[in-house]
Amino acid sequence: MNINPDEARLALWLEDELHGEELATFEAALAGRAELFAAREEVRRWRGMMAAALPPSVEPPYPDFFNSRIAKAIRELDAAPLPEPNAAGGFSWRAWFMPVAACAGMAITFWLGGLKSGRVPEIDVTGAPRAIPVEPILYTPENGVSAEWIASSKAAASVIVLSGVEAIPDATDFSETVYLKQQRAIDSTAGLNPEPFSNE
Amino acid sequence: MNNPGDDASNFPRGPAGPGVTDAAGDPDDDFRLVARAQQGDLSAYDELVTRHRGRIFAMIRNMIHQEADAWDLSQEVFIKAWQALPRFEAKARFSTWLYRIAHNAVYDWTRKRKIESVGELNDEIFERERIDAASFTTPFGGDAPDDSMVQGELRAKIAAALGKISPEHREVVLLKDVQGLSYKEIAEVMSCELGTVMSRLYYARQKLQTLLKDEYQSR
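So the sequence lines, in the order shown, correspond to chains W and H.
According to my numbering, the first sequence is numbered sequentially starting from 601.
According to my numbering, the second sequence is numbered sequentially starting from 2.
Isolated chain W, as found in the complex:
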């Protein structure tokens, strides 16, 4: 709130807050303004009544205990360990390691949880109906060729015997049907016999 400087000075004068030369000058300017002097007396009377009714200082109950509790609280404050000063001047490996470690821990936890939940549940099949062995149906691509299926439970093997198949000619090039790995010179130099050094 803005107030006129003269009003402010008057307020200070009414409250006895002007002193020395400033007080004398101001009171000289107020000469003949009896209502203002009466107003100041009124303010003084009011303050006197208030101050007489409400003491400005009242000892708290149990004043010694009051002090001792403050002293105890202060000792406890002073005894409390201070946080470790950061010698690196603002950078600490803990500052970034702790969040990273926490994230890694959470990731591992989720991964393990996923493994457990993704595992195929074990189902009791003892009571399930069993498959009945059925003789397979054999197809042959050429006329005159027959096929016989022989199964041996003892040998744990199955054999198909083809009859009427023409003999395979000797001129057949199997390289056209089978991939043979050929070593290229640029693949590796390992295993090649190094040439002896020449003094020339």
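Derived by calculation from the structure, the hints in this document are not laboratory data.
Among the clues, some could well be false.
Sample of chain W residues at the chain H side, in silico, Cβ under 10 Å [what the hints assert, rightly or not]:
hint	residue
1	E607
2	A608
3	R647
4	P656
5	P661
6	S668
The beta-carbon is built from N, C-alpha and C at its ideal position, and this holds for glycine as well.
Got chain W; can you put chain H on it based on the hints?
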């Protein structure tokens, strides 16, 4: 703000009750004790507490009208002051600085009470404007056995009237008319402009004089 050497006794101050310490005694002594306390001398700080506890307790009790809470809050003020003591500079009187801390403590307490009272069975009991300000939980500690009944009645009526005005008006009246602070000091304590203090004091006195019309005019 007054310099350490300023004579604050020019301002009218209320009479201290029996056994009551006068905190405004000698600011120079305060500064000497503060200097020692800033070096960690707890006995010097204990002496400062003894010198100022009466005024801080009276101020807080007149503000919140709760004896037990005023006792706790007053201690909190001195504990906070100890923590802030390294930052205290001799630009202000130590007592003014304490009033500032007390001001913050009271307003924090008031806010906390308002929050805590939300949703309780009867919020009206926490509306301090409606509480009879004279209803202290225990009698005034400063009362002397030979206090006149008339003075006691007047005190109760003034306290009740103070309870009916706003906290800002109540505080400015208590700081000015009871504690005897200057306008400038009050502005510093309440963290507002000088003109605001003057305005608040004017309206606060008007309200109080209306509420205390019978008592005030008979004197």
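Consistency of the hints with the structure:
no. : hint : result
1   : E607 : holds (8 Å)
2   : A608 : holds (7 Å)
3   : R647 : holds (5 Å)
4   : P656 : holds (4 Å)
5   : P661 : holds (6 Å)
6   : S668 : holds (9 Å)
The structure fails none of the hints (numbered hints given earlier).
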